[in-house]
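The numbering used here numbers the first residue of the sequence shown as 50 and each following residue consecutively.
Just so you know, these hints were derived from the structure itself, not from any lab. Some clues are possibly wrong.
Subject to a maximum C-alpha distance of 30 Å in a straight line, what follows is the list of computed DSBU-like cross-link-like pairs (lysine-lysine) [to be verified]: (1) Lys271 to Lys255; (2) Lys264 to Lys475; (3) Lys304 to Lys255; (4) Lys388 to Lys475; (5) Lys112 to Lys54; (6) Lys487 to Lys388; (7) Lys192 to Lys264; (8) Lys131 to Lys79; (9) Lys374 to Lys271; (10) Lys262 to Lys215.
Pairwise CB distance ranges (calculated) [to be verified]: (11) Asp416 to Lys112: 45 to 55 Å; (12) Val430 to Lys215: 40 to 50 Å; (13) Trp467 to Met50: 44 to 54 Å.
Where is the CB? At the ideal position from N, CA and C, for every residue including glycine.
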Amino acid sequence: MLTIKFKNEGTKTSVQKDSLLLRFISEDEKPQKQLGMLESLYNIRIPEVQKKRLIGEKGSEIKIYNPEGLPAALLIHKIRTKKDFSSDYFRNYLSGFISSFQEENLSSLQIIMPEYGPVKNYFPDEAYFYQTFIEGIVLGNYKFDRYFSEKDPSGMVTVYLYGDKKSLDEAIRNASALMDGVCFARDLANEPSSVLTPSELAERSKKELENYKVKTTIYDLKEIQRRNLGGILSVGRGSDNPQRLIILNYKPSGKAKKKIALVGKGVTFDSGGISIKPSAGMGEMKADMSGAAAVIGTFLSAAKAKLPVELIGFIPAVENMPSGKALKPGDIIKTSSGKSIEVDNTDAEGRLILADALELAREEHPDAIIDLATLTGACVVALGEYTAGLFTKDDALADSLYTAGINSFERLWRLPLWDEYNKLIKSNVADVKNVGGKWAGAITAAKFLEKFTSSGIPWAHIDIAGPAMPNNLNNYSQKYMTGFGVRLLFEYLSRL
Numbered sequence: 050m051l052t053i054k055f056k057n058e059g060t061k062t063s064v065q066k067d068s069l070l071l072r073f074i075s076e077d078e079k080p081q082k083q084l085g086m087l088e089s090l091y092n093i094r095i096p097e098v099q100k101k102r103l104i105g106e107k108g109s110e111i112k113i114y115n116p117e118g119l120p121a122a123l124l125i126h127k128i129r130t131k132k133d134f135s136s137d138y139f140r141n142y143l144s145g146f147i148s149s150f151q152e153e154n155l156s157s158l159q160i161i162m163p164e165y166g167p168v169k170n171y172f173p174d175e176a177y178f179y180q181t182f183i184e185g186i187v188l189g190n191y192k193f194d195r196y197f198s199e200k201d202p203s204g205m206v207t208v209y210l211y212g213d214k215k216s217l218d219e220a221i222r223n224a225s226a227l228m229d230g231v232c233f234a235r236d237l238a239n240e241p242s243s244v245l246t247p248s249e250l251a252e253r254s255k256k257e258l259e260n261y262k263v264k265t266t267i268y269d270l271k272e273i274q275r276r277n278l279g280g281i282l283s284v285g286r287g288s289d290n291p292q293r294l295i296i297l298n299y300k301p302s303g304k305a306k307k308k309i310a311l312v313g314k315g316v317t318f319d320s321g322g323i324s325i326k327p328s329a330g331m332g333e334m335k336a337d338m339s340g341a342a343a344v345i346g347t348f349l350s351a352a353k354a355k356l357p358v359e360l361i362g363f364i365p366a367v368e369n370m371p372s373g374k375a376l377k378p379g380d381i382i383k384t385s386s387g388k389s390i391e392v393d394n395t396d397a398e399g400r401l402i403l404a405d406a407l408e409l410a411r412e413e414h415p416d417a418i419i420d421l422a423t424l425t426g427a428c429v430v431a432l433g434e435y436t437a438g439l440f441t442k443d444d445a446l447a448d449s450l451y452t453a454g455i456n457s458f459e460r461l462w463r464l465p466l467w468d469e470y471n472k473l474i475k476s477n478v479a480d481v482k483n484v485g486g487k488w489a490g491a492i493t494a495a496k497f498l499e500k501f502t503s504s505g506i507p508w509a510h511i512d513i514a515g516p517a518m519p520n521n522l523n524n525y526s527q528k529y530m531t532g533f534g535v536r537l538l539f540e541y542l543s544r545l
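Kindly produce the complete structure, drawing on both the sequences and the hints.
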């Protein structure tokens with residue numbers, strides 16, 4: 050993995066030695082003419098066969114090594130705006146590019162940014178447009194390799210960026226803060242559960258965040274018992290690794306625009322408990338704390354960027370394991386809200402611990418509550434691996450989160466929260482049952498959570514069960530847990 054430093058060169062045109070220079074042309078604006086201009090600018094001749102390949106329908110880029118008077122290599126990439134262009138185009142391209150760049154064994158990379166105007170409808174502003182280039186490089190460079198006995202050689206690369214200096218300054222500043230949070234969230238989610246126990250999640254988060262004026266309070270088992278957090282107590286009692294509740298507080302130096310509560314599901318391993326899961330794919334359940342990781346990563350990014358928003362976070366951290374002490378189907382538990390829950394399936398455990406966390410968040414009287422959880426396989430069945438489910442009755446909150454998802458390319462799709470679904474989680478022996486029937490599992494899970502919120506406080510539930518896991522959506526999501534939610538929440542908070 051490379052150590053990467055970004056430098057804002059503004060509109061300079063200086064050439065760095067031992068460098069690869071990356072230029073862009075557009076398929077919409079006479080690519081033949083653009084190539085001619087580059088030949089004149091750099092006093093080079095591009096072979097006709099390369100020109101034809103680049104200009105052709107399937108052409109994407111050409112590379113010229115050791116052109117006279119230029120860096121070690123010139124790479125020309127054709128921006129394909131006519132088909133499948135999105136706000137993720139440059140993020141995705143650069144994430145794939147940086148992997149191949151490592152093979153060049155060069156010490157620097159120069160990127161002359163393409164014009165913003167032709168693609169401005171896809172981005173909220175020019176700084177964010179530039180930001181996606183930086184995000185792509187960092188995401189493509191990410192590796193979780195700490196357990197290899199022999200690691201790939203590392204090196205240091207300076208990336209020189211050329212464009213509008215003011216917008217580049219903002220892009221580098223925001224991307225640096227954001228990517229630190231994303232990569233930390235990915236590290237947490239990729240850790241084996243034998244390492245990242247509930248207590249280790251709490252301590253590691255505290256250590257990382259205390260450098261950025263985020264106050265971290267950790268409730269141990271005794272404090273959880275004292276506060277009657279029955280959902281957290283019940284789910285974690287089958288494990289030898291005790292439960293934790295992590296409370297995060299971030300306050301900006303000036304006046305806060307809003308106070309937002311973030312809640313993240315922190316099941317550090319989910320076996321399903323007594324309602325045990327099939328063995329196939331169970332290893333991925335080390336990442337059933339991806340909602341917690343996203344919240345922690347968001348706090349890190351928000352604090353580093355000094356966002357003018359007050360944040361309070363609640364992360365219930367447990368392991369869901371079978372044992373003689375474990376929660377059983379048919380049990381009735383009581384949460385801190387006083388509501389009773391009939392447990393019909395111990396593999397629907399995330400909503401039980403979130404019930405306590407949502408109650409605590411509600412008591413803080415924030416302007417909005419947002420929870421993130423790898424909550425249901427049903428949401429993956431409905432939306433696949435590329436999209437998270439959004440549940441809220443507040444249209445303004447839904448619109449803000451949806452827009453943040455489009456901008457960040459961590460996309461959401463809104464699903465219903467109609468009250469008719471309440472009958473599916475009605476219990477004959479308690480206030481509510483923790484699962485519904487065969488159908489609408491993602492919706493009934495959200496309806497369950499809704500019972501632990503307040504009608505006076507806008508609340509949104511985001512089911513990230515699909516996109517939190519490795520998938521083939523783009524170049525940077527295929528190998529590791531994705532850290533889904535940090536880019537989304539950071540973009541949402543930045544626009545408040």
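Going down the list of hints, with the structure as the test:
Annotation: proposed proximity of Lys271 to Lys255 holds, straight-line Cα distance about 19 Å (limit 30 Å). For the hint linking Lys264 to Lys475, the alpha-carbon distance of about 39 Å lies beyond 30 Å, and the restraint is violated. A C-alpha spacing of about 25 Å is found between Lys304 and Lys255, which places the hinted pair at or below 30 Å, so the restraint holds. With a C-alpha separation of about 13 Å, the suggested pair Lys388 and Lys475 falls inside the 30 Å cut-off, and the hint holds.
For a cut-off of 30 Å, the pair hint linking Lys112 to Lys54 stands: about 24 Å separates their Cα positions. Distance hint between Lys487 and Lys388 is fulfilled; the C-alpha atoms sit about 24 Å from each other, no more than 30 Å. For the given pair, Lys192 sits about 29 Å from Lys264 by alpha-carbon distance, which is consistent with the 30 Å threshold. Among the hinted pairs, Lys131 with Lys79 is consistent with the structure: their alpha-carbon atoms are about 13 Å apart, no more than 30 Å.
A hinted pair counts as satisfied when its Cα atoms are at most 30 Å apart, and Lys374 with Lys271 qualifies at roughly 17 Å. Taking the CA atoms of Lys262 and Lys215, the gap is near 27 Å; set against the 30 Å cutoff, the hint holds. Distance hint check: the CB atoms of Asp416 and Lys112 are about 51 Å apart, consistent with the given range 45 to 55 Å. With their beta carbons about 46 Å apart, Val430 and Lys215 fall inside the hinted range of 40 to 50 Å.
Hint check: Trp467 to Met50, Cβ distance near 47 Å, so the stated range 44 to 54 Å holds.
The structure fails to meet hint 2 from the earlier list, while all remaining hints are met.
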